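J.: The chain contents come next:
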Amino acid sequence: MNEYVISILCIVAINTILALGLNVISGFCGQISLGHAAFYGFGAYCAAKLALLGWPFTATLLAATLATGLAGVFVGIASLRVRFDFLAITTIGVGFVFVGFVRKQKWLGGELGLTGIPHSGLSATEEMMLIVTAALLLVAFCLYLKRSWMGFGFSAIARDEDAAQTIAINVPGFKLAAFGIGTAMAGFAGAFYAYFSKAVLPDTFSFVQSVAILTAVVIGGMGSVIGVTIAAVILTLLPEWFRFIADYRLLVFGALLILMMFFSPGGLAGLLEKVSGGRKLE
Amino acid sequence: MTHLVIASTEPALVADNLSVQFGGVRAADKLSFSIEAGELVGMIGPNGAGKTTAIRLVTGVYKPTAGRIRLRGEDVTGRSVHGRARRGLAHTHQIVRPFRDMSVLDNVVVAAGHTHTDRPLKALLSFRRGAEYDRAHALLRRLGLEKVALRDSATLPLGQLKRLEMARAMAIDPSVILLDEPLAGLNSFEAAALSETIVQINAEGMTVILVEHNLGEVLRVAQRMLVLIAGSIVGDGLPHEVVRSDVVRDAYLGRDEEATADA
Amino acid sequence: MLFEVVIKSLVNGCMYALMAIGLTLVYGLLRILHIAHAALFTLGAYAGVIVANATGSIALGMGAAILSAGVAGVLIYRFAYQPVLKHPHHVPLIISVGLLIVLEDGFRILFGGYGITFNDNPYNTATVAALGITFNYVEIAMVGSAVVLIGTFMAVVNHTRIGIGWRATVSDPQMALSFGVDPIRVRYMNFLIGSALGAIAGMLLALMTNLVEPAMGATLSYKGLAIVVLGGLGSVRGTLLASLMLGLIEAMGSLYLSDHLDPNALGFLFLIAVLMFRPQGLFTRA
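Protein chains in written order, with the numbering used here: chain A, 1 to 282; chain B, 1 to 263; chain C, 1 to 286.
It should be emphasised that the hints constitute simulated quantities derived from the structure, not laboratory data. Owing to the predicted nature of the structure, the values given are computational and were not obtained by experimental measurement. Please note: incorrect hints may appear among the correct ones.
[Unchecked claim] Quick list of in silico lysine-lysine cross-link-like pairs, DSSO-like style, CA-CA up to 27 Å:
1) Lys104/A with Lys49/A
2) Lys104/A with Lys8/C
3) Lys106/A with Lys49/A
4) Lys274/A with Lys49/A
5) Lys198/A with Lys104/A
6) Lys63/B with Lys280/A
7) Lys280/A with Lys8/C
8) Lys274/A with Lys86/C
9) Lys147/B with Lys274/A
10) Lys147/B with Lys122/B
11) Lys198/A with Lys274/A
Looking at chain A on its own, in the form it has when it is part of the complex:
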């Protein structure tokens, strides 16, 4: 397997994990989050810093994932105070505050970020297998989550959180759990990314990145695990297959968002549902 293929598989896996995490928060639980890249970044910076301090690979991954999940629960508290548009703007704000903060902090490398991140100790192929396996496990996890009572609770909250409260669903607890799980996944992807790219820069985790992750979730169909996975894979590979798209990546993503919302607000999963006569794509 050549370097290029290994690299692509890694990026596909990372993007899939990012999209799946956002899907838990916004797709399953209905909490709109337009700042998901901040958690990607949080995990990446945590891992980078710990690695530079000499921590071993596994410990770094675990610590970064947990720390991000906790940060996510903290941000999730916002969803207990505000909803919909206000929550959307708050999460956009979180994204900007994160980037605005890290680009000024000398100990985080400032504008130039952190570089020279130590090697993970695994070969490139082993790293790739790790992240791809993780992605597949997370797909399975999300499918399970959806069928569990947590997922059932999420679906009620996503539809009408006030009514969900009246049937004894612990809405605040569940929302925080959604944020915790979704952001931990982003943190894990970020931690891996730090080792993968050997450098971590503020601009990687901008609002545009959050929009890219959102695009995968929207195109796939909010709430559909398989749909979102397919979308993440396609959206990552599209600019690779069609080189000219790479230059117009944003244009294409934006256009896809608009077109999808017009023709199938339920994304790919929604389309498949209509075509198959009502059978839902999990």
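Fit chains B and C to the known structure of chain A by using the hints.
T.: For chains B and C alone, coordinates are given in the frame of chain A:
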């Protein structure tokens, strides 16, 4: 939640001097009532009397500025809406709120799973729904919704949606159900049928508070009537007596012409 | 020094106000977060620079800015939002985000990523001194335009029949309809005026910095969102106050905090803090 059938000396629901203010308006003014287990109590009042506020204070949507609420003796004034629901207070909404894009059955199952939806971590670890499906089916049968169990709740007509509200509320194993104008918008056949169901539920031991604008049905089924005017209870007793009292006639026939048209 | 910073912050505050009015008008009317609004700011600037360079007249450029953005705004309403008004909440929001991204990248593809400048811009160097501070003409124009335009707008809204009709449509479209106010026309006017004001701000910023680039509207748009939420979504007065407040906070932040946090993020930090204590915004009645 297992049902402990112990003869309790505590009233099912007590509102103790509840007051709340919005801007300059006292929407609830030392609102007090006490409801015993197993009663079917009607609550009426002209428009603007504070019925919605009272309901929201009881369910926990509003926090009172003064006063307390006790559910089977336990002070729940500081509890959230879902906390009170878990402790046995169910309620149906005046404007129905089914979970759309979800089957009628699932709407009830998720409520029946209330023991699983308290702690998120516990919810993550459980996925079996057999018992909840059985309970939900039983409830749907009782409320005549068996035939539409698998339909998307968003496609149901109002009469059935009102029944779904009730099935869902009952699925959480409550000790008290607060019904917020369940008969509103129904034709006389549907209203009569639904109030029959309410009477049956009460006959089985469920404490029911029926907040209604439809005086006719309330008079027919309630054992006791509370009258709410300007945020306080001004009448409490046998329905036919309470309705004849001066205070109530004044409020309904004197100043509020809309209520006359309804009654 | 502090005094100068405060006064100069008014310039930014006015620019934000001109931008944010468009956002708040749309939200008040349609409950849509018109994130794409930023692109109209940029569109106005591009149109203005191109026409000014082609005709040699900055005034014509300004006219082009207003016209192009106004028309584009109305088209966006008609073709991007109107068809999806009945859909669930996130649909118009995502369309708006998509539009912003498409338009911004479009500018980059059409006009290059490095931006374009005026051939002949006398305004950003001409200065005037007052109160011991040097102001350049464009800064004064920014404040002046904001005062005049927004002042006029508020006067119209509060004291004329058209204004009352507009306010009626915002609070109760059905009622307004029964009084003969055409809600569609009101919406077109909203987008027209909001976009035009944004374009004016864009053109003035271009004159100030002598540069128009694809992403110039981006950060502004997000700040605009923060302003609109702080001010109480839909309240013109609240938006104004919040705009000036943001200008001030950023200026202060630049002065004292720039070692720790990018001043651009300050607005959002402030917003998040406010929302946690007052979820309805600073200036709305609870």
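J.: Hinted pair, alpha-carbon criterion (27 Å max): Lys147/B, Lys274/A. Please report holds or violated.
T.: holds (24 Å)
J.: Within 27 Å, alpha carbon to alpha carbon, are Lys147/B and Lys122/B?
T.: Measuring from Cα to Cα gives roughly 33 Å; hence the hint is violated.
J.: Holds or violated: Lys280/A and Lys8/C, Cα atoms, limit 27 Å.
T.: violated (57 Å)
J.: Does the structure keep Lys274/A and Lys86/C at a Cα separation of 27 Å or less?
T.: Judged against 27 Å, a Cα distance of about 20 Å means the pair holds.
J.: Checking one constraint from the list: CA of Lys104/A to CA of Lys8/C, max 27 Å. Satisfied?
T.: This hinted pair holds, its Cα atoms lying about 24 Å apart.
J.: Against the 27 Å threshold, does the CA-CA distance of Lys63/B and Lys280/A hold or violate the hint?
T.: Distance of about 41 Å is beyond 27 Å: violated.
J.: For the pair supplied as a hint, Lys106/A and Lys49/A, confirm whether the alpha-carbon distance does not exceed 27 Å.
T.: Judged against 27 Å, a Cα distance of about 12 Å means the pair holds.
J.: Given the hint that Lys104/A pairs with Lys49/A, does the C-alpha gap stay at or below 27 Å?
T.: holds (15 Å)
J.: Decide if the proposed pair is consistent with the structure: Lys274/A and Lys49/A, CA atoms, cutoff 27 Å inclusive.
T.: violated (48 Å)
J.: Below or equal to 27 Å on CA atoms is what counts here, so check Lys198/A against Lys274/A.
T.: Answer violated: Lys198/A to Lys274/A is near 44 Å, above 27 Å.
J.: Just to be careful, I want the Cα atoms of Lys198/A and Lys104/A compared with a cutoff of 27 Å; is the pair within it?
T.: Measuring from Cα to Cα gives roughly 20 Å; hence the hint holds.
Hint violations for this structure: numbers 4, 6, 7, 10, 11, all remaining hints satisfied.
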